[in-house]
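Enquirer: Chain by chain, the residues run as shown.
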Amino acid sequence: MAHEIIAATNAVVTLDVALPGIVWGWIITMNMWAKSIGTGIIFIAFYLLKKYPEQTGFIRLPSVVISIIFIHMFLFFTVIDLHQMFRFWHIFFHPHMTSTITLGAWLAAGFVGIILTMAYFLYIKKDEAMYDKLLAYGVVLAVPVTLYTAGLMAQSTARELWQMPTESIQMMLAAFLAGSATMLLVGGNKFSDEIKKDLALILGFSALTAFIMYMLELVFGPMKAEEVAATLEFVKGGEYTFMFWLGQIVAFLIPMVLVCKSIKDKSYYLLKIAAVSALVGLWITKHVWLVIPQLLNLS
Amino acid sequence: MQLGFLVDLRLCMGCKGCEIACKVENEVPLSTWRLRVKYVDVGSFPETKRTFTPLRCNHCANAPCVRICPVSALHYIENGIVNIDKERCIGCAGCIMACPYGAIYIDPLTQTADKCTYCAHRVASAMMPACVVACPVEANIFGDLDDPMSNISKYIQEHQGNVQVRKAEKGTDPHHFYVGGGNVTLNPLASLREEGFGLFNNLTHLPVGGHH
Ligand code: SF4
Ligand code: SF4
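Listed in order, the protein sequences are those of chains A and B. Quick note on numbering: numbering that gives the first Met the number 0 labels position 41 of the first sequence as 40, and the sequence is numbered without any gaps. Quick note on numbering: numbering that gives the first Met the number 0 labels position 145 of the second sequence as 144, and the sequence is numbered without any gaps.
Possibly wrong hints are sitting among the right ones.
Beta-carbon label-pair distances, calculated as ranges [said to hold, decoys possible]:
no., chain 1, residue 1, chain 2, residue 2, range
1, B, Ala123, A, Phe92, 24 to 30 Å
2, A, Ala224, B, Phe199, 27 to 33 Å
3, B, Asn200, A, Val78, 32 to 38 Å
Here are the computed lysine-lysine pairs in the DSBU-like style, where the Cα-Cα straight-line distance is at most 30 Å [as the list claims (entries may be wrong)]:
no., chain 1, residue 1, chain 2, residue 2
4, A, Lys196, A, Lys49
5, B, Lys169, A, Lys235
6, B, Lys166, A, Lys235
7, A, Lys223, A, Lys125
8, A, Lys223, B, Lys169
9, A, Lys125, A, Lys235
10, A, Lys223, B, Lys166
Keep in mind the hints are simulated off the structure, nothing from the lab. Only a predicted model underlies this, so the values are computations on that prediction, with no experimental measurement involved. Glycine included, each C-beta is placed from N, C-alpha and C at the ideal position.
Work out the full structure: start from the sequences and follow the hints.
Expert: Set out below in structure tokens:
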């Protein structure tokens, strides 16, 4: 509609102040990407330890270590993006509970507590039973930790592209994609073909579903609101088109093709390439989706 | 009490007096603005018209910036103003992502969020906001929306049918009204804003919080 108005009225801004550029940039992309791995690996570890307890005991330590590293990366990037990073503690001492930022900080703190305790029981106490018990709680908490960013994006009322529930589904899919990809890289040839096939299927289905959702947004998003239509112009011939399609191909299409080929040939050596491709592509995809709504003039 | 603003766009002549008064009163740093006046030219020569739109925070009744702020730095005060506590702000920029009107900026000096406060400090001393005082044509009308006898309430009554808010569809319930506005003046997507040197100045974007 705005298009037609511009065409009809020839309305041009002739004097205006400089507007702020991108507010949440690559640091926030790193934040989302690292969190997908940090929670995703916990989901996948839980699944494997339940389904193949005899063969997957060795994943306990690497899974929790990876989760600790990536969740701390996520926290690090969250804090350094603050313009007043040394006031981070205000979130805990002056919390405003309607904010998903507050909620996310509290949930992430709880999640960090659980994974650190898991590592303690596994490494110091050598208590695998306790680890497995805590892992279940870790999974329960990993769900809202994964989802709160979608809540935050939905609270970003100015960015029509990010509204619920699509973003929540995309966040969960990102966690499954990143978790299965990381697990394939960690477990490598120590996994049986059956387990590799399971992981390949999780990777493939997450990639397929996420890809379909992005495509649906591309086609149907503009019907929702004029702002979505204007935002998507940046990936439909606009300055982020190349990056958007690069992300889709590397994150979703290449892993899907490699997963299909691996399962068809019953040979799983290609899965590591699929895993790396998915992880790299996920960063690109998340970045584009983060940045494009911020290119729109709001006033 | 619910304080509100109304700008009669039919009166505004784009002098930018309000913009400058605001800058001075609130010591708004270079490259940031609490209030700005945007010029949009409409039509093709010789059938052209220039429009002027003062843009500031709307002090929404259902403010997404207040909701998203993790530390209540953005908060309501009893007269309905959405105020900011810069000592509490952590600079997460959540409010910038939430405000549908681009009304918030990061102050490059304090590295905290800031925006129009309807000059809450002046209002507390029974003075009018600086922009209202500076306007030579009384296009800015400020007052208590809860008081049917206030200037702003009477103005809204008199101009029923020609009173608009920006982006009503966002459900923010703004306490900032316009008279004589339209799509071109109030909808940023309805005009072309091309980067680069235009008629008067360089239309551009600047890094957030990075300019002193
Ligand atoms: S206009 Fe923006 S900054 Fe002002 S109250 Fe509404 S949402 Fe908040
Ligand atoms: S930048 Fe400051 S005012 Fe804005 S949401 Fe974050 S803490 Fe609140």
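Enquirer: Flag every earlier hint the structure violates by its number, smallest first.
Expert: Per hint list: 7 and 9 violated.
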